[in-house]
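Enquirer: Chains as they are written, first to last, in this note's numbering: chain V, 306 to 920; chain F, 89 to 245.
Keep in mind that the hints were calculated from the coordinates and are not lab data.
A few of these clues could be false.
[What the hints assert, rightly or not] Distance windows between CB atoms, simulated: (1) V:600 - F:207: 44 to 54 Å; (2) V:898 - F:194: 47 to 57 Å; (3) F:221 - V:794: 49 to 59 Å; (4) F:211 - V:431: 35 to 45 Å; (5) F:114 - V:619: 41 to 51 Å.
[As the list claims (entries may be wrong)] Over the 12 Å line for every Cβ pair with chain V, so calculated as not near, a few chain F residues: (6) 111; (7) 170; (8) 177; (9) 190.
[Unchecked claim] A few chain F residues that face chain V, going by a derived Cβ cut-off under 7 Å, partial list only: (10) 178; (11) 200; (12) 204; (13) 206.
Heads up, the beta-carbon is just placed ideally off N, CA and C, and yes, glycines get one too.
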Amino acid sequence: MRYFLILLFFISNPALSIDLETAQKRAKSNKIWQSEEWLGLLFYEKRSDGYLSKVTSSDFFISANGYKSPSSEVSEALKAIYTKNIKLRCQFIARTDWLIQKLNIPDEYHISSECKDFNEWAKPEKTKSISLVFATGYFGNPASYYGHSLIKFDQQTAGQGLNDTVVNFGAETPENENPLIYITKGIFGGYQAQFTSGKLYEHETIYGQVELRDLWLYQLSLSAKKQLLLQKHLWELRGQSFQYFFSSENCAYFIARAIENASGKTIVRDHPSKSGWVIPINGFMELYEQGAISNISYIPSRSSQLLNELQQLSSSDKKTLTKLSYSEFANFELKILTSTVSEKLLQASISYATYMASADKDNKKYWKTVRKKLITHRFSLPPSGREARNTENTNQAESPPHLGDRPSKIAISSWFEDSLSGLTLTLRVANSDQLSKNQGRIPYSRLEMLKIEMDIDESSLDLRQLTLVDIKSPNISKTGLKGDGGYSWQLSAIIAPYDFSCESCLTASGTGGFGKTVDFGQSALYSYLIGKINTPYQNESQFSAGINLGYLSQSNDYIHPKFDVIYLKGIDNKRSENLIWKAEARYISPQNWDNRIKLEHHNETRLSFEFGYLF
Amino acid sequence: MKKIIIAGAIAAASTLSMQAQANAWAECGIGAMIFEDNRAAAAISNIVWDLGTTALSSEASSKDNCEGKKYNTAVYIQKAYPKLEEETAFGSGEYMNAMLETAGCGVTETQAASAAIRQSFSKVVASPNFDTMSYNEKAESYYNTVVNSAAQNCTNS
Numbered sequence: 306m307r308y309f310l311i312l313l314f315f316i317s318n319p320a321l322s323i324d325l326e327t328a329q330k331r332a333k334s335n336k337i338w339q340s341e342e343w344l345g346l347l348f349y350e351k352r353s354d355g356y357l358s359k360v361t362s363s364d365f366f367i368s369a370n371g372y373k374s375p376s377s378e379v380s381e382a383l384k385a386i387y388t389k390n391i392k393l394r395c396q397f398i399a400r401t402d403w404l405i406q407k408l409n410i411p412d413e414y415h416i417s418s419e420c421k422d423f424n425e426w427a428k429p430e431k432t433k434s435i436s437l438v439f440a441t442g443y444f445g446n447p448a449s450y451y452g453h454s455l456i457k458f459d460q461q462t463a464g465q466g467l468n469d470t471v472v473n474f475g476a477e478t479p480e481n482e483n484p485l486i487y488i489t490k491g492i493f494g495g496y497q498a499q500f501t502s503g504k505l506y507e508h509e510t511i512y513g514q515v516e517l518r519d520l521w522l523y524q525l526s527l528s529a530k531k532q533l534l535l536q537k538h539l540w541e542l543r544g545q546s547f548q549y550f551f552s553s554e555n556c557a558y559f560i561a562r563a564i565e566n567a568s569g570k571t572i573v574r575d576h577p578s579k580s581g582w583v584i585p586i587n588g589f590m591e592l593y594e595q596g597a598i599s600n601i602s603y604i605p606s607r608s609s610q611l612l613n614e615l616q617q618l619s620s621s622d623k624k625t626l627t628k629l630s631y632s633e634f635a636n637f638e639l640k641i642l643t644s645t646v647s648e649k650l651l652q653a654s655i656s657y658a659t660y661m662a663s664a665d666k667d668n669k670k671y672w673k674t675v676r677k678k679l680i681t682h683r684f685s686l687p688p689s690g691r692e693a694r695n696t697e698n699t700n701q702a703e704s705p706p707h708l709g710d711r712p713s714k715i716a717i718s719s720w721f722e723d724s725l726s727g728l729t730l731t732l733r734v735a736n737s738d739q740l741s742k743n744q745g746r747i748p749y750s751r752l753e754m755l756k757i758e759m760d761i762d763e764s765s766l767d768l769r770q771l772t773l774v775d776i777k778s779p780n781i782s783k784t785g786l787k788g789d790g791g792y793s794w795q796l797s798a799i800i801a802p803y804d805f806s807c808e809s810c811l812t813a814s815g816t817g818g819f820g821k822t823v824d825f826g827q828s829a830l831y832s833y834l835i836g837k838i839n840t841p842y843q844n845e846s847q848f849s850a851g852i853n854l855g856y857l858s859q860s861n862d863y864i865h866p867k868f869d870v871i872y873l874k875g876i877d878n879k880r881s882e883n884l885i886w887k888a889e890a891r892y893i894s895p896q897n898w899d900n901r902i903k904l905e906h907h908n909e910t911r912l913s914f915e916f917g918y919l920f
Numbered sequence: 089m090k091k092i093i094i095a096g097a098i099a100a101a102s103t104l105s106m107q108a109q110a111n112a113w114a115e116c117g118i119g120a121m122i123f124e125d126n127r128a129a130a131a132i133s134n135i136v137w138d139l140g141t142t143a144l145s146s147e148a149s150s151k152d153n154c155e156g157k158k159y160n161t162a163v164y165i166q167k168a169y170p171k172l173e174e175e176t177a178f179g180s181g182e183y184m185n186a187m188l189e190t191a192g193c194g195v196t197e198t199q200a201a202s203a204a205i206r207q208s209f210s211k212v213v214a215s216p217n218f219d220t221m222s223y224n225e226k227a228e229s230y231y232n233t234v235v236n237s238a239a240q241n242c243t244n245s
């Protein structure tokens, strides 16, 4: 009877009876290598002639054919499990542990707890959660306006997690690469990129302290099992190479794919085929909408911290600092040092000097000296025990970036001109214009790339406008202190009819300008001196200069209006003049709708009603 | 003879490792690791998009014999010195807490270690040559202060 029960136990519990051969057979009969999870963990994509992994480094695979054969990788991984090859097991801990679980492989082969390096790196027992981190667009460089994403293990380290492990994805580029080669190779897949790991403080010092970018931490809602699988997956991915494409298979794509592979969620998997474009903020929006975010927190940049400190100053301290910032530079630190000032004012003064040393390029040396004197002075006073970092920046914390607009847009508009009327179809790949919501982007800015507008009237389909790039960078002052903010600038490259009145008159033009934007809190006034160059059209000038004046308001919760006047005069022999004006208002909808009314004039007046959807 | 050579090699490796631990700043070339003003480097790495090359370089700079608490503390200080300097002037802060954790100080030891660092480093700041010291010299001096203060106040440093 006893022997019968033991036999029954082994028969009824296949986990204890399975050997390598059985496991291989079971894997084969179940076609386990065709499962979404296996294909995801090894980044396989289906092609007409089979499979190919997106990982380009050969050491990511146990099998020599692993890069193109999911089944041979399963087979070799099973051998590594059954031979108890601790090196391979620990190096490929995600795929081998996944197979062990799926095939009910006996407990004696569960040896991942012996993977010392993995456990030291991932600290699974200390990792309470995993966060997807969004670094907001970079003020100093429009190319980084889209932001960046990282993965952080929330390991509860000191200093609000500054020592937490962070996984990054970045392209490998040679030092001092020519910018044109940089752009070309980036767009057309000329670079390899890697997953790397570091600590949060390394990123915070660059993003937060140097580039003045806020970090938003979106805590993922994952089961303990999926969280551990994500850590193991990222461990396997460290140092592995992928082909990099700026617009589609970029940092946002691969970071999100890693989360998808371990969690089973769909974030960006279909995006490249859908729109050809993957933008970091989309992943955060997708996760939030799926209810996959359990908490959102925020690490303010140096400039946001300064703004917060200013808001906490008494009105007299704020006046003092504002006055000092506008007085002679040479007197700034002397006035602080020779009078008794509050702790908060001294802190704000140091933050201001530090911020200026980063932001005021022309007077960097001076502000470093000011900062040095203020800090030396602070050393001479008793310690305050005050936490230098202050995260209670409520203004910003109430506006997480996922509440902003989605970057891609499709729209249809109905337009009317004198006796003509028709429809315009619009597709914008990315990213935002001046009437977009402000969350997660630079307020009042514009960054449109690849926007096409087609006019449809009774008899024809015509290109109304092809925008390759259109940027307006306002560079406004956030604090009102001297030196915060600077010149605004704009740059655009557009193909469009010369004006509204002509037919078959497409011209290509490039416009650049610089000016000033004044922020009134919820509205802004701006002016630019501009220069324009365009391809020939009849007797019109090819080289023009002029001015762009504009105003936009976001004070109303539902309607955001904008007005623009552009005057251009030819600076070549033809001396032609152009007056263009635009009035536009957007109805702000909580959903992904972008509906507008526009009245525009350029030798002809056009009224249009636009119904747009953001995705 | 073979045993002697092996023993000698082990001893040499061990000595090198100990030296690296004893003076991680000098032995591991911490001062040459990154620029004082890394804004330019950061801007280059982001000239087209967020390439993340800054993170790549930080990992690539690690040598085999340069690891452990002191090395990690030295790297931390080299990268975050301005923030540490500011927080030390006030007496405490998040960057200091994280740095002391790297140095091996427990939560209960952080306050005493912070006070010791401030007391010691305030003398460096008050010295006449502080104004002429380079970023690296200040960071190295701060590192030495931290190592000494941690040794006195933290059991696992």
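Enquirer: All the hints need checking, so say for each whether the structure fits it.
Expert: Each hint, compared with the structure:
1. V:600 - F:207: 44 to 54 Å: At 39 Å between Cβs, range violated.
2. V:898 - F:194: 47 to 57 Å: 54 Å, holds
3. F:221 - V:794: 49 to 59 Å: 37 Å, violated
4. F:211 - V:431: 35 to 45 Å: For residue 431 (chain V) against residue 211 (chain F), whose Cβ atoms are near 37 Å apart, the range 35 to 45 Å holds.
5. F:114 - V:619: 41 to 51 Å: Given about 47 Å between the Cβ atoms, the range holds.
6. 111: Non-interface label on residue 111 (chain F) holds, nearest chain V Cβ at 22 Å vs cutoff 12 Å.
7. 170: 7 Å, violated
8. 177: 4 Å, violated
9. 190: Since the minimum Cβ distance to chain V is about 6 Å, residue 190 (chain F) lies within 12 Å and the statement is violated.
10. 178: It holds, given that the least Cβ distance between residue 178 (chain F) and chain V is near 5 Å, below 7 Å.
11. 200: 12 Å, violated
12. 204: Status violated, d = 11 Å.
13. 206: 6 Å, holds
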